[in-house]
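Engineer: Each chain is listed here by its residues.
There are 2 protein chains.
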Amino acid sequence: MPQQERAQRTRDTVLRAAGEAFAEKGFLGTSMADIFARAGVTKGALYFHFSSKEELAFAVISAGEELGNVVVQEVLASDAPPLQKLIDISIRWASYIQTDPIVRANVRLIVEQGTYSRDVPNSYDPWEQVASLLLKDAQERGELERSVDVKALAEFIVAAFTGAQIVSYATSGYKDLVRRVENMWQLLLVGLVPQGNPIIFFSRPYR
Amino acid sequence: MPQQERAQRTRDTVLRAAGEAFAEKGFLGTSMADIFARAGVTKGALYFHFSSKEELAFAVISAGEELGNVVVQEVLASDAPPLQKLIDISIRWASYIQTDPIVRANVRLIVEQGTYSRDVPNSYDPWEQVASLLLKDAQERGELERSVDVKALAEFIVAAFTGAQIVSYATSGYKDLVRRVENMWQLLLVGLVPQGNPIIFFSRPYR
DNA sequence: CAGCAAACAAACCTACCAGTAGGATTTTTT
DNA sequence: AAAAAATCCTACTGGTAGGTTTGTTTGCTG
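The listed protein sequences derive, respectively, from chains A and B.
Going by the numbering used here, the first sequence opens with residue -10, and the numbers climb by one from there.
Going by the numbering used here, the second sequence opens with residue -10, and the numbers climb by one from there.
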């Protein structure tokens, strides 16, 4: 990794510029010229830090994943009930998608999977893991119907969230994403949460 | 449109080849050379029928949409109850995605929206319309909880289906798509269908 | 001040790509 | 069978892309 502060800074600006460009135009739609022009950096400087376009893309993906991990860790550390935690994670991640170029690039590059030569090992799996964990916890505490197959539900929640993101991007440029995610939870929870459990609040703002 | 049979045939093979290529590699990932090589046709012949890459892509999208319309019309003409119709449409469309290159290309090109210069007017809307219609019908017949906001539900169903498709592609190349869609319905219907209504069957095969 | 990391600059290379031009061939029309 | 129209073919063009090379300059650090 870079050994000077200045280097770290340029690396970061390149990464950010790449994030913006990839988020807007996708991997193949973005040229290296787009990126280093946007970053205000020369070609040489860029290639000093990232040896290829793919490597740069993967760096963006990783940076996005780290932000995801932070969100998950923070929410898990809170003292909310498990279902509430899951909802919080989804909505906080949704608002990250709305605002952070790196995160937007992350989700777009992941959806585009297959345009790269190597392929990332299943990027949805970690989210499913987290969801499964929390759902299982909720079920044990009687806050989720016992008849529900936790794994299947986790799978569905991740897919439904992904779909909300895709459709929201296409129709409103992510503007209505948080609303869509809240909508998802309202429709889902009707059938899955036993009567008499506490109402779940969608407390905004999240950032 | 072509005036000779021979021409119609080459047009069709080009369209099919383009569908396969776009489905596999996306719009920007596909070169015209990919397409006419796959079709076993020369460049000139291709450009006689389609004057640009974008036009070809839009032709593929249209062809896919037509197949979608056929599915919808066929199911609407059946005598199943409205919710069952909606489920049938979703599952039949899912199996089209699994098997038909043109349909696969259609969904991929639509998700990629934004890589083209012109943009298709909201491609999810027609599906939402159909869903709304059927859900409203179901609600009036007492086969759907009265408290449900039909428009919000339709919106969610379309997004959730789209998500299932995206995730299924990334993880299994569409192999588990039908299963995922069935899973979606099972989880959704629990809370939305009043007690005592007929059980809904996922009768396969659909083709 | 010596040595190395970082950044700049510009020319360069190779591959590929969308699209075009104009001629050849096939089919239809007269 | 001749003319006209539709279809198809080959070679070519202009441009862009990712990435390399070479050489120079700036800044940090010991």
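For the record, the hints were derived by calculation from the structure and aren't laboratory data.
Heads up, some of the hints might be wrong.
Just so you know, same-sequence chains aren't split out, so a pair can sit in one copy or run between any two.
DSS-like cross-link-like pairs, simulated, lysine-lysine; straight-line CA separation at most 27 Å [stated by the list, open to error]: (1) 14 <-> 42; (2) 14 <-> 125; (3) 32 <-> 42; (4) 140 <-> 164.
It should be emphasised that the depicted structure is a prediction, and the values quoted were computed from it without experimental measurement.
Engineer: All hints are to be evaluated individually against the structure, with a verdict given for each.
Structural biologist: Hints, verified against the model:
no.	hint	in the structure
1	14 <-> 42	both (14 Å within a copy, 18 Å between copies)
2	14 <-> 125	neither (39 Å within a copy, 38 Å between copies)
3	32 <-> 42	within (12 Å within a copy, 30 Å between copies)
4	140 <-> 164	between (30 Å within a copy, 18 Å between copies)
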